[in-house]
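Work out the full structure: start from the sequences and follow the hints.
So the sequences go chain by chain: A and B. Residues 1 to 311 (our numbering) are what the first sequence spells out, left to right. Residues 312 to 638 (our numbering) are what the second sequence spells out, left to right.
The set of hints was computed from the structure by calculation and includes no laboratory data. Quick caveat, the model's predicted, so the values are computed rather than measured. Worth double-checking, as some hints may not be accurate.
Stated by the list, open to error - If you anchor each label on the Cβ, the simulated ranges turn out as follows:
| no. | chain 1 | residue 1 | chain 2 | residue 2 | range |
| --- | --- | --- | --- | --- | --- |
| 1 | A | 122 | B | 350 | 34 to 44 Å |
| 2 | B | 354 | A | 138 | 34 to 44 Å |
| 3 | A | 9 | B | 353 | 57 to 67 Å |
| 4 | A | 86 | B | 369 | 54 to 64 Å |
| 5 | A | 136 | B | 464 | 36 to 46 Å |
| 6 | A | 39 | B | 510 | 30 to 40 Å |
| 7 | A | 197 | B | 510 | 38 to 48 Å |
| 8 | A | 110 | B | 369 | 45 to 55 Å |
Quick reminder that beta carbons are idealized off the backbone N, C-alpha and C, glycines included.
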Amino acid sequence: MAENVIEARGLLKLYGSQRAVDAIDLDIQRGEIFGLLGPNGAGKTTTILMMLGLSEISGGTVNVLGFNPVREPLEVKRRVGYLPDAVGFYDHLTARENLAYTARLLAIPRSQSGRRIMEALESVTLADVADKRVATFSRGMRQRLGIAEIVMKQAEVAILDEPTSGLDPHATFELLEMIRGLKRSGVAVLLSSHLLDRVQSVCDRVALFNKGKIALMGTVVQLANQVLGAGHPILVEATGTDVAAALRGIEGVQNVAAEGDAWRVTADRDVRAAAAQRIVSAGGSLTRLADLQPSLEEVYTRYFQEARHAA
Amino acid sequence: MPPSAAHGALRRAGSPFTGLGPVFMKELSDHLSSVRMSVLTLFVIAFGALPVAFALQDLRNVVISDPYLFLRIFTVAPERVGLSFIVALNFVIPLMAIGLGFDSVNSEFNRRTLSRVLSQPIYRDALLLGKFLGGLATLAVALVALWLIVLGSGLLLLGLPPRGVEVARGVGFLIVAIAYGGVWLAVSMFFSVIFRSTATSALCALGLWLFFLILWPMIASAITLGFAPTQITSIDQYTSLQELGLALQRLSPGTLFSEAVVGLLNPETRTLSFVLPIQMRGAIPEAPLPLDQSLLLIWPQVTGLIASMIVVFAAAYVVFQREEVRA
Chain A
1 MAENVIEARG LLKLYGSQRA VDAIDLDIQR GEIFGLLGPN GAGKTTTILM MLGLSEISGG
61 TVNVLGFNPV REPLEVKRRV GYLPDAVGFY DHLTARENLA YTARLLAIPR SQSGRRIMEA
121 LESVTLADVA DKRVATFSRG MRQRLGIAEI VMKQAEVAIL DEPTSGLDPH ATFELLEMIR
181 GLKRSGVAVL LSSHLLDRVQ SVCDRVALFN KGKIALMGTV VQLANQVLGA GHPILVEATG
241 TDVAAALRGI EGVQNVAAEG DAWRVTADRD VRAAAAQRIV SAGGSLTRLA DLQPSLEEVY
301 TRYFQEARHA A
Chain B
312 MPPSAAHGAL RRAGSPFTGL GPVFMKELSD HLSSVRMSVL TLFVIAFGAL PVAFALQDLR
372 NVVISDPYLF LRIFTVAPER VGLSFIVALN FVIPLMAIGL GFDSVNSEFN RRTLSRVLSQ
432 PIYRDALLLG KFLGGLATLA VALVALWLIV LGSGLLLLGL PPRGVEVARG VGFLIVAIAY
492 GGVWLAVSMF FSVIFRSTAT SALCALGLWL FFLILWPMIA SAITLGFAPT QITSIDQYTS
552 LQELGLALQR LSPGTLFSEA VVGLLNPETR TLSFVLPIQM RGAIPEAPLP LDQSLLLIWP
612 QVTGLIASMI VVFAAAYVVF QREEVRA
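Now the structure itself:
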């Protein structure tokens, strides 16, 4: 089922003569996690703000859940949860009071709001600090409170701007788990980030932003094939025989390169089984055999290197 | 779609006042529970109580019968303080309004709560208006409390109840005082929209207040002198010059406030503009005006105050609508 919750066509944002967002097309499907990636200043946040009707659109159209954010921002904002970059809460209020204010802005009936707030706080494991002032919260806790706000809102789409920036690895892991939780409950998630390895682990599809344009869009594997070239890299560590020669003899292997003590093999398919067999039968001892997943980091670095060379 | 069609469809759906109630209630409760409000209240009471206490002492020694004795608590300048209650309020109200409004928008920005709040189903209109009304209500609460304290201490120490007409004039004074506070609240909120730094916005609001308090009277008279011919040859020239000076003075909200208050609390006030002695011929000196005539007299001042409040708020609103929410 490929129902789009967000559709952008030729979306344009001009600051003077500078094209901050340059006529992008973007579809976000229901129930997927979509990552907007790119360096700072590439236009990610501007795109997000236009989708929410918080920034004026210079050209093109956006459609969020069937509503136009320019004309019907209230309808959009009622259904879309937004976690801004480095979200802030009222420090002198408790977590519960902060959410209660949002609940009143959302016109959630008083009879429901108490229960919905507690459930939301439980879902991000903040229930035990519900009555502590937000001033005492760490950055990670604030981000989680932001997720709780989206849960309480029962949003259909969650837009998260740099949700993991400035978090320690443990807090990042927890937050990504919660983002997966949002997806499990049927929420479409759009997140922007410049931290690639973390995004890679949660995103179904990504779009790579560069200077206001979408340079690449698709699944991580698709992008890797596009940028790094087709091929399936593996890593082999073995001794006791001429490893390189043995590996080169395998059908489908395109390239074998020494990488320290190990060998990096690029083939047009997964050749791990054949490699193991070949080395063992040649009398070598295999110490390590690893599948090298294409990393988004690599894709990103390579892409921008090429973009610079092209320029 | 051509751009013109896109702009033709730029009518927003939904009421601009969606969410006004929650914002108002939050601002009010934030203000009333804040330490800043306690400090401001202490400040107001100290400033207000001192003239009133001395005025009451002076008034207790008054022997001649005065039909408006109660209103004198507000207007009399006690010998030992040299500052009447209304003059003290002319200082305190702007200070309090600036104290409540100088960080209302930029603090939301600096705490990074603005984009989160605006991503809820609420227009910026409701946020700004809710903040303004919340501040105004806080100001009103403080002024009503102060007013009741003055009234109560007057009852206790003078031992005579105010007449109905005195209470009515007192209520009128309260309304004028709240409108005056509203002007400065709008001014300080305007600066809080313009400047991201709360210190800058406080400084600008206070600076403008000091400018109107100290510098403007001097500048106004300097301008008037500049327009004066070397030799005044006719009475018309003289009156038009005086009227110019007065008009310039009235650009300051403080002047409007003190004129309106004097007209209300001093029933003997017959005119707030410049009059020649000859125009007063036939008037009974010291004879008080009825309430409706006094209200008529101060009407332009009151509308002036309310209009300037609305104009400044509208300016803040326009700037706020155009502001980018991103940090």
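Which numbered conditions among the earlier hints are violated in the structure presented, ordered from lowest to highest?
none
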